[in-house]
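Protein chains: 4
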Amino acid sequence: MRVSATVRKVEREMSEFILNLSCPDRPGIVASVSNELYQRGFNIRESHQFGDLEAERFFMRVAVESAASFVSLDTFNESFGATAQAFNMTWRVHDKSIKPRVLLMVSKFDHCLVDLLYRSEIGSLEMDVIGVVSNHEDARERVETSGIPFYYWPVSPETKGANEAKLNALIASEHIELIVLARYMQILSPEFAAQYPDRIINIHHSFLPSFKGAVPYSRAFERGVKMIGATAHFVTGDLDEGPIITQGVADIKHDMNVSDLIDVGRDVERRTLAQAIRLYTQRRILTNGIKTVVFQ
Amino acid sequence: MRVSATVRKVEREMSEFILNLSCPDRPGIVASVSNELYQRGFNIRESHQFGDLEAERFFMRVAVESAASFVSLDTFNESFGATAQAFNMTWRVHDKSIKPRVLLMVSKFDHCLVDLLYRSEIGSLEMDVIGVVSNHEDARERVETSGIPFYYWPVSPETKGANEAKLNALIASEHIELIVLARYMQILSPEFAAQYPDRIINIHHSFLPSFKGAVPYSRAFERGVKMIGATAHFVTGDLDEGPIITQGVADIKHDMNVSDLIDVGRDVERRTLAQAIRLYTQRRILTNGIKTVVFQ
Amino acid sequence: MRVSATVRKVEREMSEFILNLSCPDRPGIVASVSNELYQRGFNIRESHQFGDLEAERFFMRVAVESAASFVSLDTFNESFGATAQAFNMTWRVHDKSIKPRVLLMVSKFDHCLVDLLYRSEIGSLEMDVIGVVSNHEDARERVETSGIPFYYWPVSPETKGANEAKLNALIASEHIELIVLARYMQILSPEFAAQYPDRIINIHHSFLPSFKGAVPYSRAFERGVKMIGATAHFVTGDLDEGPIITQGVADIKHDMNVSDLIDVGRDVERRTLAQAIRLYTQRRILTNGIKTVVFQ
Amino acid sequence: MRVSATVRKVEREMSEFILNLSCPDRPGIVASVSNELYQRGFNIRESHQFGDLEAERFFMRVAVESAASFVSLDTFNESFGATAQAFNMTWRVHDKSIKPRVLLMVSKFDHCLVDLLYRSEIGSLEMDVIGVVSNHEDARERVETSGIPFYYWPVSPETKGANEAKLNALIASEHIELIVLARYMQILSPEFAAQYPDRIINIHHSFLPSFKGAVPYSRAFERGVKMIGATAHFVTGDLDEGPIITQGVADIKHDMNVSDLIDVGRDVERRTLAQAIRLYTQRRILTNGIKTVVFQ
Chain V
2 MRVSATVRKV EREMSEFILN LSCPDRPGIV ASVSNELYQR GFNIRESHQF
52 GDLEAERFFM RVAVESAASF VSLDTFNESF GATAQAFNMT WRVHDKSIKP
102 RVLLMVSKFD HCLVDLLYRS EIGSLEMDVI GVVSNHEDAR ERVETSGIPF
152 YYWPVSPETK GANEAKLNAL IASEHIELIV LARYMQILSP EFAAQYPDRI
202 INIHHSFLPS FKGAVPYSRA FERGVKMIGA TAHFVTGDLD EGPIITQGVA
252 DIKHDMNVSD LIDVGRDVER RTLAQAIRLY TQRRILTNGI KTVVFQ
Chain H
2 MRVSATVRKV EREMSEFILN LSCPDRPGIV ASVSNELYQR GFNIRESHQF
52 GDLEAERFFM RVAVESAASF VSLDTFNESF GATAQAFNMT WRVHDKSIKP
102 RVLLMVSKFD HCLVDLLYRS EIGSLEMDVI GVVSNHEDAR ERVETSGIPF
152 YYWPVSPETK GANEAKLNAL IASEHIELIV LARYMQILSP EFAAQYPDRI
202 INIHHSFLPS FKGAVPYSRA FERGVKMIGA TAHFVTGDLD EGPIITQGVA
252 DIKHDMNVSD LIDVGRDVER RTLAQAIRLY TQRRILTNGI KTVVFQ
Chain S
2 MRVSATVRKV EREMSEFILN LSCPDRPGIV ASVSNELYQR GFNIRESHQF
52 GDLEAERFFM RVAVESAASF VSLDTFNESF GATAQAFNMT WRVHDKSIKP
102 RVLLMVSKFD HCLVDLLYRS EIGSLEMDVI GVVSNHEDAR ERVETSGIPF
152 YYWPVSPETK GANEAKLNAL IASEHIELIV LARYMQILSP EFAAQYPDRI
202 INIHHSFLPS FKGAVPYSRA FERGVKMIGA TAHFVTGDLD EGPIITQGVA
252 DIKHDMNVSD LIDVGRDVER RTLAQAIRLY TQRRILTNGI KTVVFQ
Chain L
2 MRVSATVRKV EREMSEFILN LSCPDRPGIV ASVSNELYQR GFNIRESHQF
52 GDLEAERFFM RVAVESAASF VSLDTFNESF GATAQAFNMT WRVHDKSIKP
102 RVLLMVSKFD HCLVDLLYRS EIGSLEMDVI GVVSNHEDAR ERVETSGIPF
152 YYWPVSPETK GANEAKLNAL IASEHIELIV LARYMQILSP EFAAQYPDRI
202 INIHHSFLPS FKGAVPYSRA FERGVKMIGA TAHFVTGDLD EGPIITQGVA
252 DIKHDMNVSD LIDVGRDVER RTLAQAIRLY TQRRILTNGI KTVVFQ
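Residue numbers (the working numbering), protein chains in the order written: chain V, 2 to 297; chain H, 2 to 297; chain S, 2 to 297; chain L, 2 to 297.
Think of the hints as simulated: they come from the structure by calculation, not from any bench.
Don't take every hint at face value.
Same chains, same label: a pair holds when it works inside one copy or across any pair of copies.
Said to hold, decoys possible - 16 Å max Cα-Cα, derived EDC-like pairs, lysine to aspartate or glutamate:
#1 K292 <-> E223
#2 K254 <-> D129
#3 K254 <-> E178
#4 K100 <-> D129
#5 K213 <-> D256
#6 K167 <-> D53
#7 K109 <-> E122
#8 K97 <-> E66
#9 K292 <-> E159
#10 K109 <-> E127
Treat the numbers as computed from the prediction; the structure is a model and nothing was measured.
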């Protein structure tokens, strides 16, 4: 159950955690997990699961609240460790009261940036935007007006390595959890991407795998497609091939030129990226090889 | 996880059940249910839950398979009874290998009927169509060609009571579980409807609560709306007020007249009704007062 | 054909007009209009028409450019007057190079306002926002940062008349063409609305005619609908009954509470209102009694 | 304006034609065409146009009715020839009272076939299905029950040439205008396709240009996309590269396997193909190189 902001405030004396896990599929996982949680005084508010028959792998998301009193994340981590080990789980638990710390990266087109900042501000997306990195100056005023640090880091073939070093430093010092490429038009190196698996979300302005690579709207226009799309995906070293989180589309007509496609595309992009980030902040995405499991 | 037809055949030596339950919300339900299932040798393949904070009521759907050997539905019912009683559950368990027995009712417009028969035939909807009742002769040939009994029962104000008595008899003798009003244009009496709670699905040809009652397309045309819709809902004694299962919409334009709306509406109706029946046959719908909980 | 911003600049030495007209239907209208335009040296770039068979009324939108040299709007008006009179037309011609002057009105929820200001700023909506009127102070900073005058005019039952007098004065002095109620939660008097036929656009946060009036999301939640919507319409003296321009919908699920509906609704509202204003600025909307003709 | 079946019957004493044309763009086309039509006693009921700025080509669709008395198609053709020649038009005029003669081709999956036959039967698609060709026997009973000839022509590498010769003969002898590949899983030779430009419509079961070629649902599953689609396009010698007419999509989830995708895909395919054929029968599609102009 999605609990609204209002309701949640009242419940803050309790702990609320979201547990994500995956492990080799075998009988008894759900019983063990729910038992363990019940024994530790947790009430299960939501639970989703999925068994990949081909990969023989089991995925689960459980949202719990401490029924009686406050429990710290560390305590939870400790207590759950034994169960996790018994099933050879990949797992992580999140405190619902702590918003993910997010770094936004953008180039010239700022429609996704503006949308994400607004959604963050009004609480529609529960994240803390720690900073905005751009290879252009354009967005500075808008970002700084929101009280968010703006880093203007231009990129050239020569400075690319140094730029990624600065990014690494910023991510480390600011404890950034998630990096969002909100129409950041520079390609990050495979080495950089490999450092942050499932932690970089990109919005590609096409309905992947159609129109991988550059200038997808021009290519969509030339091919005469009747719908354009956008794809939010995790970034891996393999360009435009990372696990897809969500996709969106819009109808187009023969009388639209490339500029019109770009205009229509802006709406699809910002909507699709915001949806991906909502799913991320609600801890609904688990990766499964080159795919994602999305619990909605 | 939806398991495909092919995969399911291989698994038929095992029992596969779907358990639907609701009860007053309190800690420990999930743990108790999953424990009970694990102890009895069942593996949980899918599980969904929802806690209605206002109604303080908990809803759950669990799909299980017997891990080792065949278990009968009766055995399952017996073994689960104690847990169910302890939590004051309203519950029902379904054997996945047994398709629901369905009675279709139709008047003159047969687009939903034709679609449902085809989907049933190719296995896209897993139901057994036991018969078709109509107050017109029109659909007889189409139905009988499919090898399904056709009951032509005309309705007038005088024969309405007798007609419902015949329906009751047919439902009883043929062990009908679900009655589908696939554009059946006669109003069933509140007394009749009350006998089959959550067992009669109707497709209303509007986006309820807009345009309740008769001739919704004409009224949509007159009002100049830009979208029309269809609503699949459970039938209660209160006309067009039963719990909504799913809704669909389509765009319309100023140059469409009432006939065009009817034509566009056919697609929305058949799609929306088929989706409602799919949800029903997969045991994904639980009613919650005048609403539904739909686990997708 | 929608002509992109880039292309249009090149063509600016020419005049580009959009002609909207309606008249009693009879043979020869298209021939007369296109002949007249051709004789006066205009090239037809787009043309849409619609004949309402019931109302026996004809509607037309023609986009033209002067083939050879600049023609003023006044010249065009003069030259077209005879044709218009001959067919008893209601008509208006718009210079494409002149953006409509728009007044935005808003209360506390600013998601539509923020979206419209951004779209206006980047040229995605071609309008000049002349000012923003609000009965709350909340939006002041955001509006004034964009360099747009902000009028804080609180409304009480006692001041309502005076408030509308101030509005009238502002609309007159600033030559406002279009008034947009971007979630303005005060009801304008029928007398006020009657002064500006087809010049006030409201976004109602429901799929009209469902949930007319107040708190539609609460009522949608209580009814248990599976989709919510938004409706952009012209304002008349008859509350929520004005001609509908466009409508949008979004799916909702049983686990969403009223706050969630409001959050999902924001996206539908801003998208639907922006689309209505785009149609308006492109002169694609003609009213037809209590309906609209929308040429897309 | 789309005129409903009922209305149209009343108007049958008049002639109703649809004129499709394209030509190099230059001033005066609309004026000349509408004048010519007016002079010949025709009333314009609908008119759409599009100027492709890049190709400098003009496209137009005009629906007319004879205002006073019946005019034959031959008479119309003769009278319009001079105007057409003056503007170097590619053009064709269609009598609205004559339905296109259509040949359906199908392999094993019959969901599109069944849908098209039903829509044709109830008048939702205005076409005459002259015959069904299949390389399998499966659909025979269903087709013959509808009173339509069924041609079982199995195809092997050796018989492919002979098969296409038979097709040519059938198309010629039965005066087939349109060939619809309703999930026909054999590839027609480029030589065959070249004989029928803009007269063969195929439904490809992917969102082209994603997943060109074989087994698109398996490839969509493996890639982990979140939406699948279908594409209706004209067939050219270049496989899956013909002009796109319309596209459709549907959401998919991580718990769907290839069978589920195929099931969901059926709905998208039949809806998309039916829409393409509706556009064709209403003479709304004009090709523009490797694209289409679709007047809606």
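Quick rundown of the hints versus the structure:
With identical chains, the CA atoms of K292 and E223 are at most 16 Å apart between copies only, with a shortest distance of 8 Å across copies and 30 Å within one. Proximity of K254 to D129 under the C-alpha cut-off of 16 Å is found in neither arrangement, the shortest distances being 39 Å within a copy and 27 Å between copies. Taking the shortest Cα distances, K254 and E178 never come within 16 Å of each other, neither inside one copy (40 Å) nor across copies (26 Å). Taking the shortest alpha-carbon separations for K100 and D129, only the intra-copy value of 6 Å comes in at or below 16 Å, while the best inter-copy value is 38 Å.
Taking the closest pair of Cα atoms, K213 and D256 never come within 16 Å of each other, the shortest separation being 24 Å inside a single copy and 26 Å across copies. In this assembly of identical chains, K167 and D53 lie within 16 Å of each other by CA distance neither inside one copy nor across copies; the values are 39 Å within and 48 Å between. For a Cα distance limit of 16 Å, the shortest separation of K109 from E122 across copies, 15 Å, qualifies, whereas the shortest one inside one copy, 22 Å, does not. Taking identical chains as interchangeable, the C-alpha atoms of K97 and E66 lie at most 16 Å apart only when both belong to the same chain, with a minimum of 10 Å there against 33 Å between chains.
Taking identical chains as interchangeable, the C-alpha atoms of K292 and E159 are never at most 16 Å apart, the minima being 34 Å within one chain and 42 Å between chains. In the homo-oligomer, the alpha carbons of K109 and E127 never lie at most 16 Å apart, since the shortest distance is 25 Å inside one protomer and 21 Å across protomers.
In summary, the numbered hints that this structure violates are 2, 3, 5, 6, 9, 10.
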